Amino acid sequence: MDWQKINMNYFNDITELSPNEINFLLELSERLELNPEPNALKGKVLGLLFLNPSLRTMTSFQSAMIRLGGGSFVVSPDMSIHGLETKDDVIMDGKSAEHIKEAIPVISSYSDAIGIRSFANMNNMNDDIEDKEYKKLTKLVDKPYINMESAIRHPCQNLADWKTLNDFDVPKQNGKFVLSWAYHPRALPLAVPASTLNMAVLRGMHVTILRPDEFQLPEAIMNKARLIASDTGAKIEETSDMNEAMFDANILYAKSWISPSHYENLEEETEIRSKYKNWCISDEWFESAEKSCRFMHCLPIRRGVVADHSVLDSARSIVIPEAKNRLLVQMAILHTLLK
Amino acid sequence: MDWQKINMNYFNDITELSPNEINFLLELSERLELNPEPNALKGKVLGLLFLNPSLRTMTSFQSAMIRLGGGSFVVSPDMSIHGLETKDDVIMDGKSAEHIKEAIPVISSYSDAIGIRSFANMNNMNDDIEDKEYKKLTKLVDKPYINMESAIRHPCQNLADWKTLNDFDVPKQNGKFVLSWAYHPRALPLAVPASTLNMAVLRGMHVTILRPDEFQLPEAIMNKARLIASDTGAKIEETSDMNEAMFDANILYAKSWISPSHYENLEEETEIRSKYKNWCISDEWFESAEKSCRFMHCLPIRRGVVADHSVLDSARSIVIPEAKNRLLVQMAILHTLLK
Amino acid sequence: MDWQKINMNYFNDITELSPNEINFLLELSERLELNPEPNALKGKVLGLLFLNPSLRTMTSFQSAMIRLGGGSFVVSPDMSIHGLETKDDVIMDGKSAEHIKEAIPVISSYSDAIGIRSFANMNNMNDDIEDKEYKKLTKLVDKPYINMESAIRHPCQNLADWKTLNDFDVPKQNGKFVLSWAYHPRALPLAVPASTLNMAVLRGMHVTILRPDEFQLPEAIMNKARLIASDTGAKIEETSDMNEAMFDANILYAKSWISPSHYENLEEETEIRSKYKNWCISDEWFESAEKSCRFMHCLPIRRGVVADHSVLDSARSIVIPEAKNRLLVQMAILHTLLK
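Residue numbers (the working numbering), protein chains in the order written: chain A, 1 to 339; chain B, 1 to 339; chain C, 1 to 339.
Looking at chain A on its own, in the form it has when it is part of the complex:
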């Protein structure tokens, strides 16, 4: 591997990276784990802007900056500043005392790079798929920026998942990756399923999306994945039949998501979703899978709801090394953006 640096001004979407760039970041992750560089980012500052809650992302980015010799600060919805206003042309006579048009350039001016989290608002599916809100935010930044989960992307998770698949020797070309919907008491965004699908397809895998019929992913997302697949030799299938999906599977990647066809009617969505409370991953799901089939999830996960305790407590579950890889790939991303 040639350690000549790759050129990156932001880390926004796994599909924007070339195979070479992905390899570079994954190998740099390993190198930084084996050979720490506690002076690499001396005096460098990462601004972390969370418009939504976080545990893993917040702590792993803080840790990453310390390990590389720099530091970070957090702006989060926990803080007693009132919520930042995001709407254009609004008369701000309500609760919000500051507009993102000031807040983001200011935070950016205190930082060498900035991480931004802005979840889907789930009002308008097309806006979310186009990542309209997040793009509005990044346009206000004049520094390298990192997507810490937007309406439709979670690239740090995707890269960590890719590394995890490598770490556990899951085959690329013929590895069978089942992306399964699971029940959750709340309607959750499409960011993880959509970008995980892209990741697995980019990696050339045989992907099966397992979900109840009402939870079919939107055509725009499927089409993008199919386009990538035609390039990487990946296969994409969809089914609502668990036995069919899990046959010979190497990976069961669980995640709940909103019913796309009920995006604009959350009441009905709740009704439909509640029919599928039995979509809780249990040991039986793995019966026809490869013996070594692993269980993945981006966390947080509701035990006994999304997956059984026994699945999470078994050797199948690799959710902890998967989460640890968040730290390692983010160190590589920061090193690449800032050094």
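It should be emphasised that the hints constitute simulated quantities derived from the structure, not laboratory data. No experiment lies behind these values; they were computed from the predicted model shown. Hints may be right or wrong, so weigh each one.
Stated by the list, open to error - Lysine to aspartate or glutamate pairs mimicking EDC-like chemistry, simulated, CA-CA at most 20 Å apart:
hint, chain 1, residue 1, chain 2, residue 2
1, B, K42, A, E37
2, A, K42, C, E37
3, B, K291, B, D313
4, C, K95, A, D308
5, B, K139, B, D89
6, B, K172, B, E21
7, B, K235, B, E290
8, B, K275, A, D93
9, A, K95, B, D78
10, A, K339, A, E33
11, B, K277, A, D89
12, A, K135, B, D313
13, B, K135, C, D313
14, A, K5, A, E21
15, B, K87, B, E133
16, A, K277, A, E267
17, C, K277, B, D89
18, C, K42, A, E37
19, B, K87, C, D313
20, B, K42, C, E37
21, B, K5, B, E16
22, C, K139, A, D313
23, A, K87, B, D308
24, C, K87, A, D308
25, C, K136, C, D89
26, A, K139, B, D313
27, B, K339, C, E37
28, A, K42, B, E33
29, C, K275, B, D93
30, A, K224, A, E237
Since the structure of chain A is already known, use the hints to place chains B and C on it.
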């Protein structure tokens, strides 16, 4: 410039600094921007105590310490510790579990310097003008301390504003500085208008205070400014006539503040203030000003209420570089107090 | 003193340390104060997990890591993540979105060491005395860990208190240490009284527990202390008579705690406790004590409730140096665990 250090034990009030000290800090700000010193404050700790919310101050101080190789910790009203008790001789059988008489010396003992924010409580104007509460707090500190905005002072903002005026080549002696009241849905403290007036007068400028008659600044504040002006050659005028004030202006510095004459009757204050909702800075305000007239504000600012979107989005507005200068002057202050 | 390192994998309980280990940590505390080591823990990360609020612990650990060249991150109940689920085998369809079985290994994987705070839940006294909940948490950690106060332990406080006794030349073998109950509006855990008793007994002191009859410490706690005393030559007495207890005392260490015999009936506990509102430490308490008798408390302390203002404002009170020692001993603990 002789880089022999100036001697500073605290940073409390812009009017306590000599012209030489102000120059030193402004030039050090520039030097630290051009030539970072990521080892200067290695192992040094800044304790940040916020009795009121903060975005800019909290993040810029954290960033400043990281850039200089040290670090900071934050104590803020967001934390689940109950509010700190500040009253003397009180029987603490209510919500507050800790008194500032313990909390501040303890925080101070963990720090090499401490920043304190304590806004005006706006119960008693004389107490606020004398900065009684903040002084009580600083008496409990045995380390260098920094005023991060008290009832009547905001010296970090003042020094950043001074640097901003220099950066944009606003003339000192004959530069016309309009400090204008603006509407805001809440009654806001006098700290920014009072200390900004002092800053502009110290800088020798021609200052016009533009405000509705009921928002005349208190005599104690005006007298102090006049005394400084007699020394620096500055001019001070007051008017409620926008056209008169803005004629030939180099700077329009907007800020809302409470009606001083209704300090003890907030209900009446609200009524009076609401008559002036039209005091929202718009493009028309600049018609008779210098062509290059700039718009300043300490932020946060309510768009469409304090100033129009079009003003903030225009090239006139220098609120972002102004905010960035908070970071740079604070680095100089910390470097001077701690190195 | 031989600076050969002691071997420590966790810092959990003062009674688990040998006299040599305690000496080592106390001397290292002094050395690090006199000779800072701002490169010692370069690139090292301390994860701080608070399941309960904190001021001193949170800020002193952050400061300690910065002083040693590393850094830390905080997970606290203030954060907008919902409360972490701790129960086994639960179906997580309520508020909690994440289980400690995921959260703790993840946080641990981002850290070189982890500090954990988990107060007594005060439902079941035996569970609290056995530190059941805290032990459940530490079993999930695969890194060095530090007890930042659990149901029955507060070892960082204990070590800081030991150092404070040394700093003020309080005699070991014959020093008279009065551990006194005091009134507080809320029922408080046994962690501080139980572990402070152990500390004083380990130090070989003459300990008198002064408390109303209903606030006798549980037999399990007393028995453990008596066992240690038989080893160190310490004496242990109990009384509800203030004059008897305070005679010739070198130290009055105040702390409120729950009535152990009413652990399962908090309503009755409140009733009984409220009979003793006069147990507020006042100057009169010291009349028959040694002239140099000092007042200690772990803080936070309610002025006018637990102790009079005059006691806390007198030269007797050493609560501030006591709190400062938290920082110094924690630096020694971190240095030992991580370097």
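Hey, B/K42 versus A/E37, does the alpha-carbon distance stay inside 20 Å?
holds (17 Å)
Would the pair C/K277 and B/D89 pass a check requiring their Cα atoms to be no farther apart than 20 Å?
Holds. C/K277 to B/D89 sits at ~17 Å (cutoff 20 Å).
Has the given pair, B/K339 with C/E37, been kept, meaning a C-alpha gap of at most 20 Å?
holds (16 Å)
Check the hint pairing B/K87 with B/E133 against an upper bound of 20 Å on the C-alpha distance.
holds (9 Å)
Under the criterion that the straight-line Cα-Cα distance not exceed 20 Å, is the pair A/K277, A/E267 satisfied?
holds (16 Å)
Holds or violated: A/K95 with B/D78, Cα cutoff 20 Å?
Cα-Cα ~17 Å, so holds.
What's the verdict on C/K136 and C/D89, does the C-alpha distance respect the 20 Å limit or exceed it?
holds (14 Å)
Hint consistency between B/K275 and A/D93 [alpha-carbon to alpha-carbon, up to 20 Å]:
holds (15 Å)
Holds or violated: B/K235 to B/E290, with C-alpha atoms at most 20 Å apart
holds (18 Å)
If you draw a straight line from the CA of B/K87 to the CA of C/D313, is it 20 Å or shorter?
Within the cut-off at roughly 14 Å; holds.
Compare the distance between the alpha carbons of B/K172 and B/E21 with 20 Å, and conclude whether the hinted pair is satisfied.
Roughly 17 Å between the alpha carbons, so the hint for B/K172 and B/E21 holds.
Compare the distance between the alpha carbons of B/K277 and A/D89 with 20 Å, and conclude whether the hinted pair is satisfied.
holds (17 Å)
In this structure, every one of the numbered hints holds.
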